[in-house]
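Number of protein chains: 2
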Amino acid sequence: MAESQEILLQKIKEQGDLVRKLKAAKEANEKGKKTDSIGSVKAVKEYDLREIDRHLSQYSYICGYMPSNCDIEIYKNIGTKVDFEKYKYFKRWWYHMRSFSDSEIKLFPKNSLPSIMYKENNKLLDDQIQEEVKKLLALKSQLVTEDAVPQKFTLKTPKGTRDYNPQQMAIRNDVLQKIIAVFKKHGAECIDTPVFELKDVLTGKYGEDSKLIYDLKDQGGEILSLRYDLTVPLARYLAMSKITMLKRYHIAKVYRRDNPAMTRGRYREFYQCDFDIAGQYDLMVPDAECLKVVTEILNFLDIGKYVLKVNHRRLLDGMFEACGVPADKFRTTCSSVDKLDKSPWEEVRTEMINEKGVMPEAADRIGKYVIMNGGVELAEKLLKDEKLSNSKAAIEGLEGIILLLKYCELFGIKDKILFDLSLARGLDYYTGVIYEAVLTEPIKIGNEEQTVGSIAGGGRYDNLVGMFDSKNKQVPCVGVSIGVERIFSVLEAKLAAGEMRVRTNEVDVYVASAQKNFLEERMKICTELWDAGIKTEHSYKKNPKMLTQLQHCEDNCIPLAVVLGESELKRGMVKIRNIVSRQEEEVPREKLVDEVNARLALLNTKGINGV
Amino acid sequence: MAESQEILLQKIKEQGDLVRKLKAAKEANEKGKKTDSIGSVKAVKEYDLREIDRHLSQYSYICGYMPSNCDIEIYKNIGTKVDFEKYKYFKRWWYHMRSFSDSEIKLFPKNSLPSIMYKENNKLLDDQIQEEVKKLLALKSQLVTEDAVPQKFTLKTPKGTRDYNPQQMAIRNDVLQKIIAVFKKHGAECIDTPVFELKDVLTGKYGEDSKLIYDLKDQGGEILSLRYDLTVPLARYLAMSKITMLKRYHIAKVYRRDNPAMTRGRYREFYQCDFDIAGQYDLMVPDAECLKVVTEILNFLDIGKYVLKVNHRRLLDGMFEACGVPADKFRTTCSSVDKLDKSPWEEVRTEMINEKGVMPEAADRIGKYVIMNGGVELAEKLLKDEKLSNSKAAIEGLEGIILLLKYCELFGIKDKILFDLSLARGLDYYTGVIYEAVLTEPIKIGNEEQTVGSIAGGGRYDNLVGMFDSKNKQVPCVGVSIGVERIFSVLEAKLAAGEMRVRTNEVDVYVASAQKNFLEERMKICTELWDAGIKTEHSYKKNPKMLTQLQHCEDNCIPLAVVLGESELKRGMVKIRNIVSRQEEEVPREKLVDEVNARLALLNTKGINGV
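Heads up: the sequence lines are chains A and B, in that order. Okay, so the first sequence: first residue is 51 according to the working numbering, each after it adds one. Okay, so the second sequence: first residue is 51 according to the working numbering, each after it adds one.
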């Protein structure tokens with residue numbers, strides 16, 4: 051937008067503010083309210099300052115969401131005479147006002163508003179309102195007569211976010227539908243929660259990652275943050291609604307101010323697909339079903355070979371205990387172990403010793419365990435391990451793993467599961483089994499290979515709901531989260547490499563005409579087809595070219611066209627064209643719906659209805 | 051959370067920050083980077099100041115998202131010696147730092163970090179890290195030993211928002227699926243955009259309502275706001291992607307800091323369902339299809355009788371012109387007319403005269419037009435109207451309406467359309483046809499009647515996309531938005547009144563057992579059914595009671611149960627129970643999948659498969 055236009059818009063905005071404030075002043079006058087408690091700044095009294103401070107404890111600015119005339123007037127007049135240390139909020143306001151640069155301050159309007167606002171006489175206010183409204187309209191009329199001039203700022207989506215175009219949406223919807231189908235097959239219900247939560251709800255749940263939370267601006271009222279995951283909102287929901295049993299899925303976007311790596315599907319706004327089972331049940335029964343759900347989803351999506359690693363937080367604790375790590379260092383040692391998927395053991399060992407204060411001998415003992423992985427035989431061997439068998443926690447963890455692996459065998463997914471002592475998972479809130487699905491082979495896209503790695507993860511968290519309950523009442527939970535963004539990015543890369551094709555609409559019939567002046571006839575035919583529930587399109591141009599219309603059908607994989615011609619219509623006939631085979635058949639116009647339905651049924655059976 | 055606990059957490063956080071910064075300093079040392087360009091504040095040089103200013107142009111604070119030790123150290127040392135007018139961003143940072151209150155500053159850590167950070171010797175840093183890590187662990191261990199104390203804040207969703215429980219989600223998904231089906235029937239593609247936009251994108255689009263926009267906190271980086279509707283993001287998307295033709299739907303939540311009236315479906319977070327057609331097409335052809343889409347949706351949802359009011363912005367302009375309103379008062383007079391759905395004419399007239407500066411005679415002339423409504427005959431009568439026929443704009447508007455009504459007749463929706471001269475629509479950006487769907491009868495729920503009113507609205511906006519294009523290139527658009535929250539609230543009220551029932555899951559088969567120790571057998575059967583694609587559940591308890599299991603089926607409308615018994619299993623048989631009829635039949639275990647499928651097919655045909 052041109053500079054002059056921007057200034058004009060700014061003036062209009064300010065003039066509009068002025069008019070609104072005058073009206074508000076008038077209204078306040080009429081209601082007999084005193085508006086001058088905040089405004090009469092020329093004679094500063096102790097009372098006024100306290101009043102301003104009180105007002106500012108609830109609002110960032112005096113008159114609205116951004117510095118208003120009133121703010122500016124007070125700011126200009128209050129000077130430095132005030133002992134701001136006495137007024138905490140006033141002080142904050144004052145410094146915020148001071149933070150505007152000279153060039154910004156020059157844009158502040160000149161009108162001496164407060165002297166107007168406190169006129170007792172409404173008649174004078176009315177005159178003033180009319181006067182200012184006139185100025186506003188004069189400004190607006192300038193805007194109308196100048197043609198809208200484009201804006202200057204860079205046109206982009208916020209960092210780490212993106213739009214989904216129709217092709218990307220088609221992929222996304224297809225993946226999500228498949229995931230939802232599996233969730234529903236296991237009887238999960240669906241819930242949704244607001245995109246933001248009270249900031250307090252998120253506080254203290256994510257450890258070091260809390261710095262990645264998006265906060266909303268304090269615009270007066272509650273302090274809010276965007277959700278960081280779907281697990282904490284679930285726990286808040288269960289505690290708030292006093293629900294002790296729920297099998298739910300939740301598919302929604304979450305927000306993290308992380309460094310985005312968008313080509314690898316790492317965004318600041320991204321989808322999570324969560325499946326969780328809350329309730330007091332028997333050991334490992336719901337836990338094993340979560341694994342079954344993950345295998346069904348990954349099989350259904352068919353994006354490559356994978357392995358489901360499992361471990362147990364209690365076993366990790368027992369292992370640390372057995373290796374001689376003091377209890378107060380379990381969690382922090384655990385977060386070192388969690389780095390084993392990215393760093394070699396030597397680095398992890400150094401971190402343990404230098405940063406976590408683990409003794410070198412203890413670290414070496416840990417090193418012998420975390421290279422182990424296998425099946426039920428490993429768990430049974432470890433149950434007889436000299437050191438581990440002395441730890442109650444280790445035994446509990448190992449017995450849990452053995453039971454889990456047994457149930458996985460019953461579920462027919464034993465070959466996908468790997469008991470892996472190096473799996474630790476970052477989040478603090480896990481209390482039992484933990485799992486992570488990893489693609490074992492890079493995915494070939496064109497001539498390139500894309501390493502995807504971790505694609506789902508989860509575990510048991512029995513203490514999170516209790517953190518929200520006033521009586522600390524616990525609801526045990528176990529769940530899993532599917533990392534769909536990585537799946538989207540693989541499929542989008544395949545699309546870009548020409549290895550797959552998607553339909554972005556589902557239109558079955560296009561109503562076309564070869565001759566001019568058939569718009570109304572097309573509309574009638576469309577109406578008949580729409581009213582019969584048939585997905586139909588036509589051109590929005592009066593006299594489109596035949597070639598353009600048929601090209602549209604080919605581009606969009608529309609299988610059938612109804613072609614209108616004058617001579618056929620006179621005989622009460624229309625043509626149905628198969629776009630792929632280019633065959634045309636005449637059918638009676640009055641039987642069009644039946645004829646179209648018959649052909650669509652046939653195409654669907656044959657499976658050549660588009661992609 | 052207890053006060054002491056809060057302080058402890060604060061300390062842990064600060065100590066953690068310190069440790070992280072020490073590690074970062076060490077890493078920077080190792081990479082040979084000079085970290086002292088920002089930090090060596092004790093000898094301030096011109097170069098340093100410029101460097102800090104450059105750094106702050108990209109980040110709000112020097113070391114992170116909140117004032118860090120480094121910020122504080124610089125703040126304490128830099129004093130007022132600096133000529134801040136030379137450093138715009140540095141100045142802003144400085145005043146932001148000053149805005150912290152005394153009590154907040156007291157909480158700032160005492161460690162003189164910078165003097166540490168620039169130690170050349172990594173060994174010293176290592177010692178320091180170990181020292182600080184110890185302190186951190188000591189603090190954390192205090193936290194672990196105290197039992198988790200429940201938090202004190204009120205457990206609620208943010209003002210004007212709500213959770214959707216499974217029943218509400220079932221309703222919501224059902225309504226949205228029906229709406230999407232209609233959108234798809236008309237060939238619409240789907241897009242999605244981020245939940246937030248650069249604040250600049252939203253600025254200047256919503257007039258007075260801009261104050262209702264949710265802003266995100268400035269945490270360094272871009273200044274963001276939550277989307278206010280789906281129309282402006284669409285325009286931004288079209289301009290940014292240089293798309294000149296698109297028929298798209300977009301269903302997503304939008305955010306307005308309005309005063310919520312939640313019982314009537316007015317929230318701060320709410321769904322919009324938008325259908326828009328962008329592109330240069332022939333007059334009224336896409337416009338009429340939008341109306342067709344609305345009628346199909348409202349018929350499909352079947353929530354009551356409705357009327358679709360239409361009018362034309364050009365006709366309104368021409369009418370104001372003909373009545374003697376000056377051109378610069380058209381928009382503001384229009385916004386008075388917009389209030390006619392809620393206020394009587396007398397009030398609107400007074401506003402026009404007193405606030406908008408319309409002459410009383412002109413207002414009276416307007417009053418004679420805005421009571422008019424009807425069909426094509428009214429438009430044709432007005433075309434011959436003495437005053438209107440002199441206005442080019444009025445003729446253009448009326449001819450548009452006549453064409454629109456003709457197309458609506460071809461679409462078979464003439465009886466739903468009402469040409470209404472009082473319809474004005476609030477938003478500034480409309481340039482042509484405008485429409486609004488209104489339920490004409492209150493909805494009966496139990497013994498109460500709920501007035502719903504406006505349920506969809508839209509119009510043509512030909513200039514919005516150009517506002518985002520650097521060359522001001524226009525993409526004409528027309529669209530409609532379905533007010534689904536009001537539909538949800540009606541249906542939820544019906545649900546609460548017991549007038550409807552919804553299924554919150556789709557489970558077809560429940561695997562139950564009458565005797566103990568059948569968990570593993572149930573799991574095997576479940577696996578067979580799941581792997582055959584049958585929606586199946588069982589109890590997560592080892593030995594659930596038969597009555598509880600059957601009750602679960604009845605509560606959740608699950609039609610079939612597979613009942614396992616020892617004696618049957620020995621004979622290779624299982625029982626299938628119809629939950630409604632309570633009939634049981636024995637079938638061979640090995641044929642279970644086929645037998646279940648056969649029964650489900652029968653139930654689906656008969657239409658008694660749940661609700």
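Read the hints as simulated data drawn from the structure, not as lab findings. These numbers come from a predicted model, not from an experiment. Mixed in with the good hints, there may be bad ones.
It does not matter which identical chain is used: a pair holds within one copy or between any two.
[To be verified] Under the rule of at most 27 Å between Cα atoms (straight-line distance), these lysine-lysine pairs were calculated in the BS3-like manner:
(1) Lys303 to Lys267
(2) Lys521 to Lys392
(3) Lys418 to Lys185
(4) Lys521 to Lys206
(5) Lys61 to Lys494
(6) Lys267 to Lys209
(7) Lys355 to Lys136
(8) Lys126 to Lys261
(9) Lys126 to Lys431
Tested hints:
{"no.": "1", "hint": "Lys303 to Lys267", "verdict": "both (20 Å within a copy, 19 Å between copies)"}
{"no.": "2", "hint": "Lys521 to Lys392", "verdict": "neither (40 Å within a copy, 48 Å between copies)"}
{"no.": "3", "hint": "Lys418 to Lys185", "verdict": "neither (81 Å within a copy, 29 Å between copies)"}
{"no.": "4", "hint": "Lys521 to Lys206", "verdict": "between (47 Å within a copy, 16 Å between copies)"}
{"no.": "5", "hint": "Lys61 to Lys494", "verdict": "neither (57 Å within a copy, 49 Å between copies)"}
{"no.": "6", "hint": "Lys267 to Lys209", "verdict": "both (18 Å within a copy, 15 Å between copies)"}
{"no.": "7", "hint": "Lys355 to Lys136", "verdict": "neither (66 Å within a copy, 59 Å between copies)"}
{"no.": "8", "hint": "Lys126 to Lys261", "verdict": "between (36 Å within a copy, 24 Å between copies)"}
{"no.": "9", "hint": "Lys126 to Lys431", "verdict": "neither (78 Å within a copy, 60 Å between copies)"}
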